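**Student:** Spelled out from the first residue to the last, the chains are:
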Amino acid sequence: MDSRLKAAYDFSNYRATLNQELEQHHAEYAETLIVQFGGGFFTVDTGLIAYIDLQIRNNAKNLVLVDNKKTPILIEDLAEFNSLITSTYNSAVNKLFMAYTDVKKKRTVKKLIEE
Amino acid sequence: MSKGVVMIAHNNTEIDYAKMAFVNALLVRKNMGCPVSLITDEGTVAWLRQNFTDAQINFAFDQIVLTETPDSKNNIKTYNDSSFTSKKLTYNNKNRVDVYDLSPYEETLLIDTDFLVLDDSLNRVWGCAYDFLINKDIVTPSQNDAFVDDIRLSKLGIPQYWATVVYFKKSELAKQVFELVKHIKENYTFYKFTYGFSGNLYRNDYAFSIAMHVMNGFTEDNAFDLPNSKLFFISDVDVLVDVTDECELIFLIEKEKERGNYYAIKVRRNVHVMNKYSINRFAERLIDICMPNALKVENKIDVN
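Quick note, the sequences are listed as chains F and L, same order. Under numbering that gives the first Met the number 0, think of the first position of the first sequence as 0, with each following residue one higher. Under numbering that gives the first Met the number 0, think of the first position of the second sequence as 0, with each following residue one higher.
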C-alpha cells in the first residue's frame, strides 16, 4: 500500500477511536446529569441550578417543577434538591474536564485504549 | 418496597446464558449494589451448578426462580460472532411476559443477560413516581444513532421500544402492560400483519413496542420512556477483545461497509453486547475482576 495512504488510514483509525472515546465521556456526562428527586426525573443544567438558587434566595422552601416526563413534581425540600443538583453538576463537569485533559495527551490508538 | 434486578436465562445448545447472567449479576452487585434474581429452568440451573459453587451462586443471585423452558421450537435466531461466523440456534425468549408474576421484588429492573452493567446510572429508577418504564432509543458506536431498521418496526411503522431494560412496580398499570404483551404474543401473527413487519422470529422488543403504542393511546408519546440517554448497543459483528482491570471493555468495531476492517473502542458504561460468544469468552476474566477473593478460593473455574 502507498505509505501516504497507510498513514492516512492509520490517522483515520486513530480519529475513529478518539471520537468514540470523547463520545463515551459525553454520554457518561449526559447520563450523570439526570437525577431523580421526589419521584421525578430532572436533567441538571445551569438554568435549573440558577432557578433553584433564585427561589431559595426568595425564601422558598418548596416548589413545583415539571420533570423530564412532563409530570409536575412537588419538590418538598428545596435545600436538599439544590444540594443534589449542584453537587451533581459540579462533579459531572469536573470529571468531563479531567477526561478531556487526559485524552488530549494520548496521540495513538494504543494509548487511548490501553491507558 | 423491595427492589432488585431480574434476569432471565435459558440456555440453548451453544450459548451459555446462565454464565452470562452470572457474570452480569456480579457486575450489577459491583456497580449498582442491589440484589439480583435469576429466572431460569432446571436444566440451565444444573449447568450453572456444574460451573460454580453454591457459595458463588448465592453471592451472585439473591433468588433463583425456577420456571419451565419456554416453547421455542420454531423460534430460531441467527447468532453472529463477528461477520465471519454465523449460527442459527433456538432463542428461548418467550417467557419474558411472565416476569411480572415471577419477579420476587415490588420494584423490578428487568435486564437482558447481555446488557452489561458497568455503571450505576440505573439506580435512579428506584423510588420514582412511575409504574412502568422501558428503553426506547439506542445508539451504536458506528453510526452514533440507531440503524434505520431499529427505529421503527417497519418503514412507516410505529416506534420501536427495546425490552432490554424494563423497570416496573407491582401495580395495576404494570400488570396491564404485561397482560397486553401476553395477548400480543399469543396473537403475534395477527399483530405482525397489522403492524406491517416481517420475520418468523418472536421478538419481545416488537411485542413491547406494540403494547406501548396501544398504552400510549395509539400515538407516539414518551410516557413510558426510561429517563436515561440512548441505550448503547454493540452489534454481534463486533468483537470484545479485552477487559481491563478496571472492568472497561475493549471492542473491535467493524467499519461500516468494510467487512474485516475494525477500529477499537473502550467502553465503561452500560452496554448491550449482542455478540454472546464474546461475552462468554471473557466471562472468566470478568468473574475474576468482580468476584470477592474469599469466594475465588473455592472457585471451580480456572481463573488462570
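Rather than coming from a laboratory, the hints here were simulated on the basis of the structure. These numbers were taken from a predicted model, which means no experiment stands behind them. Here a beta-carbon is modelled for each residue, glycine too, at the ideal position from N, C-alpha and C. Possibly wrong hints are sitting among the right ones.
To be verified - One-sided and incomplete, this derived list gives chain L residues near chain F with beta-carbon spacing under 10 Å: (1) D235; (2) V236; (3) C246; (4) K256; (5) R258; (6) G259; (7) N260; (8) N269; (9) M273.
**Student:** Quick check on G259/L please, does its C-beta sit within 10 Å of some C-beta on chain F?
**Tutor:** Violated, about 14 Å.
**Student:** Can the hint on K256/L be confirmed by a CB-to-CB distance to chain F that is less than 10 Å?
**Tutor:** With a minimum Cβ separation of about 14 Å from chain F (threshold 10 Å), the hint on K256/L is violated.
**Student:** Restraint: R258/L near chain F, CB-CB cut 10 Å. Satisfied or not?
**Tutor:** violated, 16 Å
**Student:** Does the nearest C-beta of chain F fall within a distance shorter than 10 Å of the C-beta of N269/L?
**Tutor:** Where the cut-off is 10 Å and the nearest Cβ of chain F is about 8 Å from N269/L, the hint holds.
**Student:** Going by Cβ atoms only, is V236/L closer than 10 Å to chain F?
**Tutor:** violated, 16 Å
**Student:** Holds or violated: the hint that C246/L contacts chain F, with Cβ atoms closer than 10 Å.
**Tutor:** Hint on C246/L: violated, closest Cβ of chain F at ~14 Å, above 10 Å.
**Student:** Hold the hint about N260/L up to the distance rule: shortest CB distance to chain F must be less than 10 Å.
**Tutor:** holds, 9 Å
**Student:** Can we keep the M273/L interface hint, with Cβ of chain F closer than 10 Å?
**Tutor:** violated, 17 Å
**Student:** Would you settle whether the hint for D235/L is holds or violated, based on the nearest Cβ-Cβ distance to chain F being less than 10 Å?
**Tutor:** violated, 18 Å
Hint compliance for this structure: hints 1, 2, 3, 4, 5, 6 and 9 are broken, all remaining hints hold.
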